[in-house]
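Sequences listed follow chains A and B, in order. Sequential numbering from 1 applies to the first sequence in this note's numbering. Sequential numbering from 1 applies to the second sequence in this note's numbering.
The hints are simulated quantities; they were obtained by calculation from the structure and are not laboratory data. Just to be clear, a hint being listed does not mean it is correct.
20 Å max Cα-Cα, derived SDA-like pairs, lysine to any residue [said to hold, decoys possible]:
no., chain 1, residue 1, chain 2, residue 2
1, B, 111, A, 7
2, B, 111, A, 198
3, B, 111, A, 199
4, B, 156, A, 8
5, B, 111, A, 184
6, B, 111, A, 195
7, B, 111, A, 137
8, B, 156, B, 113
9, B, 111, A, 220
10, B, 111, A, 248
11, B, 156, A, 220
12, A, 137, A, 32
13, B, 111, A, 194
14, A, 134, A, 154
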Amino acid sequence: MGANAASRPRAPWWFAVGIVLIAAILAPYYLVTDISDQIDISIIFVLALLALSMSFLWGYAGILSFGQTAFFGLGGYAYTVLALNLHETTFSFFAAIALTMLFAAVLGYFMIYGRISDIYLSVITLVVTLIFEKAIKSTSGDQYVIGSVRLNGQNGIPTVPSLRIPWSGTELSFDGVFILDAVLLILVYAGLRLLLTTTFGRVLVGIRENTRRIELLGYDSRRYKLGAFVISGGIAALAGVLYGVWNNFVAPEMFGLKRAAEVIVWVIVGGKSTLVGPIVGTAIVQYLQNKLGTQSVGEWLPLILGFVLILVVLLFRNGLLPGLVGGIGWAWRQVRRVA
Amino acid sequence: MTAPPILEAHGVEKRFGGVRAIAGVDFALADGELRCLIGPNGAGKSTFFKMITGQLRPTAGQILFAGADITRAEAHQIGRLGIGIKNQVPDVFDGLSVRENIWLAARRADKGPRARSVADEVMARLQLADIADRPVGILAHGQRQWTEIGMVLARKPRLILLDEPSAGMSLEETNRTAALIREVNRTTTIIVVEHDMQFIRQIATKVTVFHQGRILVEDSFDRIMTDARVRDVYLGRQAAA
Numbered sequence: 001m002g003a004n005a006a007s008r009p010r011a012p013w014w015f016a017v018g019i020v021l022i023a024a025i026l027a028p029y030y031l032v033t034d035i036s037d038q039i040d041i042s043i044i045f046v047l048a049l050l051a052l053s054m055s056f057l058w059g060y061a062g063i064l065s066f067g068q069t070a071f072f073g074l075g076g077y078a079y080t081v082l083a084l085n086l087h088e089t090t091f092s093f094f095a096a097i098a099l100t101m102l103f104a105a106v107l108g109y110f111m112i113y114g115r116i117s118d119i120y121l122s123v124i125t126l127v128v129t130l131i132f133e134k135a136i137k138s139t140s141g142d143q144y145v146i147g148s149v150r151l152n153g154q155n156g157i158p159t160v161p162s163l164r165i166p167w168s169g170t171e172l173s174f175d176g177v178f179i180l181d182a183v184l185l186i187l188v189y190a191g192l193r194l195l196l197t198t199t200f201g202r203v204l205v206g207i208r209e210n211t212r213r214i215e216l217l218g219y220d221s222r223r224y225k226l227g228a229f230v231i232s233g234g235i236a237a238l239a240g241v242l243y244g245v246w247n248n249f250v251a252p253e254m255f256g257l258k259r260a261a262e263v264i265v266w267v268i269v270g271g272k273s274t275l276v277g278p279i280v281g282t283a284i285v286q287y288l289q290n291k292l293g294t295q296s297v298g299e300w301l302p303l304i305l306g307f308v309l310i311l312v313v314l315l316f317r318n319g320l321l322p323g324l325v326g327g328i329g330w331a332w333r334q335v336r337r338v339a
Numbered sequence: 001m002t003a004p005p006i007l008e009a010h011g012v013e014k015r016f017g018g019v020r021a022i023a024g025v026d027f028a029l030a031d032g033e034l035r036c037l038i039g040p041n042g043a044g045k046s047t048f049f050k051m052i053t054g055q056l057r058p059t060a061g062q063i064l065f066a067g068a069d070i071t072r073a074e075a076h077q078i079g080r081l082g083i084g085i086k087n088q089v090p091d092v093f094d095g096l097s098v099r100e101n102i103w104l105a106a107r108r109a110d111k112g113p114r115a116r117s118v119a120d121e122v123m124a125r126l127q128l129a130d131i132a133d134r135p136v137g138i139l140a141h142g143q144r145q146w147t148e149i150g151m152v153l154a155r156k157p158r159l160i161l162l163d164e165p166s167a168g169m170s171l172e173e174t175n176r177t178a179a180l181i182r183e184v185n186r187t188t189t190i191i192v193v194e195h196d197m198q199f200i201r202q203i204a205t206k207v208t209v210f211h212q213g214r215i216l217v218e219d220s221f222d223r224i225m226t227d228a229r230v231r232d233v234y235l236g237r238q239a240a241a
């Protein structure tokens, strides 16, 4: 049926979310004890957040923002500059997200209240992220300094401070980062799922289905679209901050075309009609990429990933997860008919 | 006609390029009235509806609703003022259930729990309760039309515009629609665009005839049916027979 308006989650859903949450907190001590595994999996959580930010906007509000990487990169850079200047990470963490959401609000206001068509919105967001990439790349000179931080152009900033636990001041270790990334991903997923059951969320789905009808009923669709755009920008910014914290490094590639296109691939592979789909899509593609990367596939990697994308689109029109769930349901009905 | 007009149009024009789809319309509708608009295809009836509801902006002229100038208002502002429309082509949320469709309409007028009970009432009234959880996209044309009418009613408007409400309906559905329109008209002002003369006969009190973007004549149904000008432009031999 695709992405219907979400009904209120029932008890099993709350139970499942709780279980996954507990599992995520215990995992680094029992399940994923190897540090390099923790690092590899942490980044999947972070990138899944980025995928979620796009698929929420695309799958539920019907807005395809090609340039979620603009907010991803801005979040990472804002956190870095703030934290290095203030010698403090908690405030910087929240302020970086807030600043990026402010930027998303301004950009979104002009696009959405200007009533430009959906296709132009996709193009403009892509152009915005590419402009950021160009601009940051051209800041290698000594004169490009914010406070005490040199922007370093295309070399990026290799001194992104690790998050510190408030008050105690201890730096988060690898398992701490793993837990933080996992918990935030689960909370954002659950938050979006609940948001979709509110009037706001249901009006968003109505906008995707038929914007004119929503307007005729008396809803100002622009307010809802802008709200969704800002929320999604905030999630992308959160992913950006966590990305910077993950490897203590931010670089202009965060804004780049390659990254922007990857996000779309994750979302399409996983399917945008559910919120779990893009998380699964990110995990599969990133896992493949990591595995193939170590198998000396080298330059063939993009080709193979492209082939996977085409295969998924041809076999599962709505993405892997809805396709598989539908296929299992169909097989189950066949089995029961025979039995 | 002592009631003050709820809807007024003064010299309204709409040009698409060189075509004058509406070429100067003066129109007044009394509160509580049930009015039918008829006219050949391309006479400008749907264009007129779209201008009243903010889906199109008039090129010239003025439209007033309950005394307020709505000529340049946005569609959602007009919706909030209390004008509801059923468009010619079913204009619904195809991917959502009947209940969700009608709830979204009710929610704009009422708060949470109240909106849910209003949606239930409307579905019961329109005999949609049995198919409440089916996606509207897979329903028959007539049921989609009823869903859209349900959305309009759930919004509790002061003025309802219905663009071809009986199109694609069976005879039985058409009769039910006519009965519903008469019933709703006890509390709400309604304008209906229709082609089906049998249907108009069931509901009509006063009829306005559009022709080539203008109002040709405005009178009671019986007198319209015998009007020579109307017969010439629209009814032709069909009515004479």
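Between residue 111(B) and residue 199(A), does the CA-CA distance stay at or below 20 Å? Holds: residue 111(B) and residue 199(A) sit about 10 Å apart, inside 20 Å.
Within a Cα-Cα threshold of 20 Å, do residue 111(B) and residue 248(A) meet the stated pairing? Distance ~48 Å between residue 111(B) and residue 248(A) Cα, so the pair is violated.
Mind checking the alpha carbons of residue 111(B) and residue 194(A) for me, to see if they're no more than 20 Å apart? Within the cut-off at roughly 19 Å; holds.
Holds or violated: residue 156(B) to residue 8(A), with C-alpha atoms at most 20 Å apart: 26 Å, violated
If you draw a straight line from the CA of residue 111(B) to the CA of residue 7(A), is it 20 Å or shorter? 18 Å, holds
Please verify whether residue 156(B) and residue 220(A) have alpha carbons no more than 20 Å apart. The hint holds at about 18 Å.
Taking only the CA atoms, is the gap from residue 134(A) to residue 154(A) under or equal to 20 Å? 9 Å, holds
Straight-line alpha-carbon gap residue 137(A) to residue 32(A), limit 20 Å: Answer violated: residue 137(A) to residue 32(A) is near 37 Å, above 20 Å.
Between residue 111(B) and residue 184(A), does the CA-CA distance stay at or below 20 Å? Distance of about 32 Å is beyond 20 Å: violated.
Could you grab the alpha-carbon distance between residue 111(B) and residue 198(A) and see if it respects the 20 Å cut-off? 12 Å, holds
Check the hint pairing residue 156(B) with residue 113(B) against an upper bound of 20 Å on the C-alpha distance. 16 Å, holds
Straight-line alpha-carbon gap residue 111(B) to residue 195(A), limit 20 Å: Since the Cα atoms of residue 111(B) and residue 195(A) sit roughly 17 Å apart, the hinted pair holds (cutoff 20 Å).
In summary, the structure is inconsistent with hints 4, 5, 7, 10, 12 from the numbered list given earlier, while agreeing with the others.
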